[in-house]
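Quick note, the sequences are listed as chains A and B, same order.
Going by my numbering, the residue at position 27 of the first sequence is 27; the numbering climbs one at a time, nothing skipped.
Going by my numbering, the residue at position 52 of the second sequence is 52; the numbering climbs one at a time, nothing skipped.
It should be emphasised that the hints constitute simulated quantities derived from the structure, not laboratory data.
Computed from a prediction, not measured in an experiment: that's the story for all the values here.
Accuracy of the hints is not assured; some may be wrong.
Each pair of labels, with its calculated beta carbon distance range [stated by the list, open to error]:
| id | chain 1 | residue 1 | chain 2 | residue 2 | range |
| --- | --- | --- | --- | --- | --- |
| 1 | B | 127 | A | 98 | 30 to 36 Å |
| 2 | A | 72 | B | 61 | 26 to 32 Å |
| 3 | A | 81 | B | 43 | 20 to 26 Å |
| 4 | B | 45 | A | 91 | 26 to 32 Å |
| 5 | B | 102 | A | 33 | 15 to 21 Å |
Subject to a maximum C-alpha distance of 16 Å in a straight line, what follows is the list of computed EDC-like cross-link-like pairs (lysine to aspartate or glutamate) [stated by the list, open to error]:
| id | chain 1 | residue 1 | chain 2 | residue 2 |
| --- | --- | --- | --- | --- |
| 6 | A | 81 | B | 96 |
| 7 | A | 85 | B | 124 |
| 8 | A | 85 | B | 126 |
| 9 | B | 68 | B | 124 |
Even for Gly, the Cβ is constructed at its ideal location relative to N, Cα and C.
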Amino acid sequence: MSWLYLAIAVVFEVAVGIAAGKANGFTHLWWTIATLVSGGIATFFLSLALLTFDVGIGYALWTSLAGVGIVIVGALFLSQKLTWKKFLGILVVIGGVVGLNLAGTA
Amino acid sequence: MTTSTTSAAPIQGEKRGGAWIALLIAGVFEVGYALSVNGSRGFTDPLWSIIAVVFFLFTLFFLSVALKRIDVGIGYAVWAGIGAVGAAVLGPVFFDETLTLAKGFWLAVIIAGVVWLKLADSPELDTRTQPAT
Chain A
1 MSWLYLAIAV VFEVAVGIAA GKANGFTHLW WTIATLVSGG IATFFLSLAL LTFDVGIGYA
61 LWTSLAGVGI VIVGALFLSQ KLTWKKFLGI LVVIGGVVGL NLAGTA
Chain B
1 MTTSTTSAAP IQGEKRGGAW IALLIAGVFE VGYALSVNGS RGFTDPLWSI IAVVFFLFTL
61 FFLSVALKRI DVGIGYAVWA GIGAVGAAVL GPVFFDETLT LAKGFWLAVI IAGVVWLKLA
121 DSPELDTRTQ PAT
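Modelling step: build the complete structure from the supplied sequences, incorporating the hints.
Rendered as C-alpha cells:
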C-alpha cells in the first residue's frame with residue numbers, strides 16, 4: 001500500500017514540476033494554482049507513504065522518481081529532447097531504487 | 001530551448017550571490033518540509049501539518065526567487081540535492097530511524113542520479129559544453 005501512496009505522490013509531483021515550469025516564476029495565475037493544488041495532493045500522499053517508509057528513503061524515492069517522470073513526460077508530450085545525459089540519469093536513479101529494494105531496506 | 005548570453009558584469013554577479021542565498025534557504029526549507037511531512041503522521045498531527053504547509057510555501061517562494069537569476073537545471077539540482085541529503089541525514093536524528101551503510105550507499109546513488117538528471121536539463125551547462133567561438 002505504501003508503494004501505491006508513493007506512486008500517487010510521484011504522479012502529482014510530476015504535475016508540480018510541469019506546472020511550476022509553465023507558471024513562469026509564478027506570474028501565470030492558473031499554472032500557479034495548478035502548482036499549489038498538485039503540490040498539496042502530492043504532499044498528502046507523500047505523508048501517507050512516509051507512515052511506512054523512513055523519511056530519508058521515502059523522500060529520496062519520491063523526488064527522484066518524480067524527476068524521472070518529468071523528463072519522460074517532457075520527452076513524450078512537451079517536445080523536449082531525451083538526451084543521452086538524461087537517459088543516463090534515469091538509469092542511475094532506477095538502478096539506485098532497484099538496489100535499495102534488493103538490499104531490503106526500502 | 002533558447003539560451004541567453006551571459007555577460008559577466010559585476011552587478012549581475014552580486015545579484016547572483018543573493019540568488020544563491022535564496023537557493024540555500026529554499027533547500028533548508030525543503031529539508032524542513034520533508035521532516036514535518038513525516039512528523040505530521042499522514043496529516044493527523046495538526047501542528048506538524050500546518051508547519052509542513054508553511055515550509056512548502058516558503059520553499060516554493062525562495063526557489064522561484066532563486067531561479068530568476070540561477071540557471072533552472074543547476075538551481076533544481078542543488079535544491080533537490082540539499083533536500084534529499086538533508087532528509088536522509090536528519091531523519092535518524094529526529095525520528096526513530098537508522099541509516100545503515102547499505103541504505104546510505106543506495107540513497108547516495110539515487111540522489112546522484114536525480115542531481116545529474118537536473119543538471120542534464122541545464123541550458124547554461126549545455127552552452128558551456130559547446131565549442132567557444
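Hint compliance check: list the failing hint numbers for this structure, sorted ascending.
3, 4, 5, 6
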